[in-house]
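Chain residues, written in single-letter form:
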Amino acid sequence: MLNPLPASKWNYACAAHLYNRAGFGGTPSEIESLLRLGAEGAVAWFVDYEKIPENENRPDWAKPDPERSQRYMEIQQSARQEMNSDQTEEQKKEEAEKRRKAVQQLQRDQQINLQQFRGQWLQRMAKGPRPLQEKLTLFWHGHFATSAIKVRNAFFMWQQIDTFRRMGSGNWLALLNAVATDPAMLIWLDQAQSREQHPNENFARECMELFTLGEGHYTEKDVTEAARAMTGWSLDRVQEEYHFRAGMHDYGSKTVLGKTGNFYGRDVLEIIVAQPQAARFIAGKLWKFFGGEEADPALIEALAEVFRSNGNSFKPLLRAMFRSEEFYAGAVVGKQVKSPVQWLVGTLRLLERPMPPPIVSTEMIKTLGQELLLPPNVKGWDGGLSWITTNTLLARYNEAAILIMGQGNLGADGDSRPGTKMAAQFANAAARRMVPIDIEAIVGQGDRRDAETLIVALGQRFMQGHLTDKHRQILGDYLGSRTEFDDVDVRHAIRLLMCTPEYQVT
Amino acid sequence: MKPFSLQTRRDFLRTGVLGGALSWTVPAFLANTFSALHAEAADSATQTATGKDATILVVLQMAGGNDGLNTVVPYASDDYRKARQRIGVPAKSVLKINEQIGLHQSLAGFKNLYDAGHLSVIQGVGYPNPNRSHFRSTEIWQTASDAEKNESYGWLGRYFDNACAGADPTIGVNIGRQMPQAFNGRKPTGVCLENPESYRFNAGRRTAEGEMNADEKSFRELNQPAAEDAAMENSGATVGAIGGPVAHHGSVLDFLQRTAMDAELSSDKILAITKKSQNKAEYPTTQLARSLKLVGQLIAGGLPTRIYYVSQGGYDTHTNQAGQHERLLTELGDSVKAFVEDLKAQGNLQRVLVMTFSEFGRRVAENANGGTDHGAAAPMFVVGDKVKAGLHGKYPSLAPADLFNGDLQYNVDFRSVYAGLLEEWLKTKSEPILGRKFSPLPLV
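Protein sequence lines, in the order shown, are assigned to chains A and B.
Mapping of the first sequence onto our numbering: position 233 corresponds to residue 233, and the numbering continues sequentially without gaps.
Mapping of the second sequence onto our numbering: position 119 corresponds to residue 119, and the numbering continues sequentially without gaps.
FYI, nobody ran anything at the bench for these hints, they're computed from the structure.
All C-beta atoms in this analysis are idealised placements derived from N, C-alpha and C, irrespective of residue type, glycine included.
Treat the hints with caution; some may be incorrect.
List of simulated lysine-lysine pairs, DSS-like, C-alpha gap at most 30 Å [claimed, not checked]:
1. B:52 with B:394
2. B:92 with A:92
3. B:187 with A:335
4. B:386 with B:280
5. A:379 with B:187
Partner residues are not named here, just some residues of chain A that face chain B (Cβ under 10 Å, in silico) [claimed, not checked]:
6. 200
7. 210
8. 223
9. 295
10. 298
11. 335
12. 445
13. 447
Reference listing, derived: stretches of chain A covered by chain B, where coverage requires no fewer than 3 residues with Cβ under 8 Å from a Cβ of chain B [what the hints assert, rightly or not]:
14. 124-137
15. 169-183
16. 385-395
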């Protein structure tokens, strides 16, 4: 188990696979560069990403601002307050309208910030210098799936993602402690309100079920007791930061997973992480995300052992996984359905196209079933085959046309839901202004001299050499026996390649 | 079995199980597959749906765990008052059904249906050893498994496998992006759609009306399994696992190819229907109403569907429940009422039933945040013209001594409800689908 891939087996297909899984896919020249590093060097380039410099671009709204939060709270509180009974009906109506507008403006500001943030994150995935850091951040976002729909605060969402980015390949207990006291999480799973008299079990339960151990590895009693220990973890809404409320904490004795003491929440996390199952659980989830849906229990145990023997640190596990023969096995390569984010970001990279406006890119992945910062529930995205339905498959095919040809219609006009209709119309308007891709950046004039040469060049880039005879034949028929292909012909041929079941896997 | 000749296949398709509905181009491989299915169907209990007369079940999921106690309110109970001091529904606002229970005031739509004899309330539905995890409990409801067992196939998927072999992919239609686990079967069946206008391959280049352009032709070819695989398909009993180049890509690709094929066929059909058929009632503008409106349109257009699936989320009301719950129930009641009116005006109400479910009810005692935590038993609703309207089952006791871990105990196993609908509404044996015999609740 976990033997490093022999140097003799390291080839273009392996480098392409590593680029797909540890990042968002590479262009032929990027894959060639990676190939030249050798397996060990290539894995190190992904895993030791701190060595690559990066400029941080933190928007103004993503900084703590007590004055702003005070203002927000006042608006929200005033919206809930009773009207002054001395006022006339007319005045009350006016006041109500004023309050309504203020709340609406506040929500709109949050939406704008969230949208800007999604756009920046997608941009980082597509063009940033550290692909694995962004891929891992996406993994943690799906793992600790927190949604802006309840958090309703762009800064908190930004901060949580930033925590994943900073700590995503470090120590498990440190990350868990950071997440448990993360403002967005405190709101998302109601921990901020949990107190001795009425412990809220939401975080305690999901922490064991979804974040650390998995069903069947704890009891209902463990959940209730852990929830008691976690009371007091709360939030200072004005300072916009974690705050321990001593008065809300239950100081009594608790028994969690066989250990008894006057535990605090952090003690519970320490007990959880020390369980043999904890390493197995998180190793299994990482393998499923980066490797394959199905995993040999012995492989997961081996990964878990690497994790444990390195002080529950993720980087050695990731390195061992990306280096392993198992990672490059036939059952793994090309067997993963691209998530909508992977599909979009990877496609843009292959098309050498700049990121469309955030309103377009987010609308696109939304239609494909994934909304960043809005996972469907705390379990995150189910992934795998569940990304593919008749609906989302057709949408992938049609969005491919927009990304290649530009001037598309996202097909969202039929959405008549109040609130989403306008956004959909804006997205459509923006998509219609998109320009076609630059074909010169993808195939040189030499590649256009006959259909066969063109098909091979496109196959190398878009199918990474996995072009089937069927693809070759159908595209050959489509392009005909001409010897001249203009940009429009090439764009349509690319579009057809992307409208295949094969393009949807990686 | 030898592959059918093209002539035979065409003849079959024009006159066969799909009726006269196939006036558009059907890819040859499809014809091929259907012939095989037809042959298999001839000696099995396969149900064919023509879209004109078969019964239809609409499953409505209320995701998040609906608070049953504040939905069908035991307004006269002292135990209820004690447990729900902050968020209890006041007796005066309840829409009374009898001296003990009534509907939440936001369910005026349901009260109308109840008074018209179109609504049945099944009280105290649940299952043994209830699980309080959303995901696990949803899985239990979707797969109809025991709480201790893990099943991957859904109850509707098993219905498709057992009773609908060879059916059109639109035999099951989910309105939404993601397939519910209930649809998982041995053979992937059913389609997902959100918006009919975008539910088609957009060829990009214009051509004369009715003509297929080169892009579309190539697209269709690229999304067909290779001819030899389709032929092989006909030689065995594994109909449905359409063989692609398995040696190279394995089952993920099979699944994609299958879905691509279903997408192609169903989009042609759905496009044709939405062009000509119309709703006959006004719907609200909520998301659930929009989903039901589309279902109404597809039923009007005669899509050969037996199962429609729609969902409404947001029932996980841990904090400040009252306002949210009110909004959700208004959306539910008003949407279903509009749907019923639509079907009635179409003349289709007598062949449609709507069944609601939620993964669990909520704890009897409210929590400190004006909300409720995950619980157990809760009511289900079945709506339609043919339903035995009124109350079924017994309201679970709220007496503290009768609760289990603070939860209501169930009286009706949800699988009895499924069994009743399978046996008496969809007219198929429930035992092979539910794994064992559950006494069918007489709902029809």
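With a cut-off of 10 Å, does the beta carbon of residue 200 of chain A approach a beta carbon of chain B closely enough for the hint to hold?
It holds, given that the least Cβ distance between residue 200 of chain A and chain B is near 7 Å, below 10 Å.
Per the CB criterion, is residue 335 of chain A less than 10 Å away from chain B?
Residue 335 of chain A check passes; min Cβ-Cβ to chain B is 5 Å, inside 10 Å.
What's the verdict on residue 52 of chain B and residue 394 of chain B, does the C-alpha distance respect the 30 Å limit or exceed it?
With a Cα-Cα distance of about 37 Å, the restraint between residue 52 of chain B and residue 394 of chain B is violated, given a limit of 30 Å.
Are the Cα atoms of residue 386 of chain B and residue 280 of chain B separated by 30 Å or less?
Holds, at about 20 Å.
Keeping to a limit of 30 Å between CA atoms, is the pair of residue 187 of chain B and residue 335 of chain A held or broken?
holds, 19 Å
Per the CB criterion, is residue 445 of chain A less than 10 Å away from chain B?
violated, 24 Å
Proposed proximity, residue 187 of chain B with residue 379 of chain A (alpha carbon, max 30 Å):
holds, 26 Å
Residue 92 of chain B and residue 92 of chain A: Cα distance at most 30 Å?
holds, 28 Å
How about residue 223 of chain A: closest beta carbon in chain B under 10 Å, or not?
With a closest approach of 9 Å, the residue 223 of chain A hint holds.
Hint residue 447 of chain A vs chain B: min CB-CB distance below 10 Å?
violated, 20 Å
Coverage assertion for the region 385-395 of chain A with respect to chain B, Cβ distance below 8 Å, three residues required:
holds (count 10)
Are there three or more residues in the region 169-183 of chain A whose C-beta lies closer than 8 Å to some C-beta of chain B?
violated (count 0)
Violated hints for the displayed structure, listed by number in ascending order: 1, 9, 10, 12, 13, 14 and 15.
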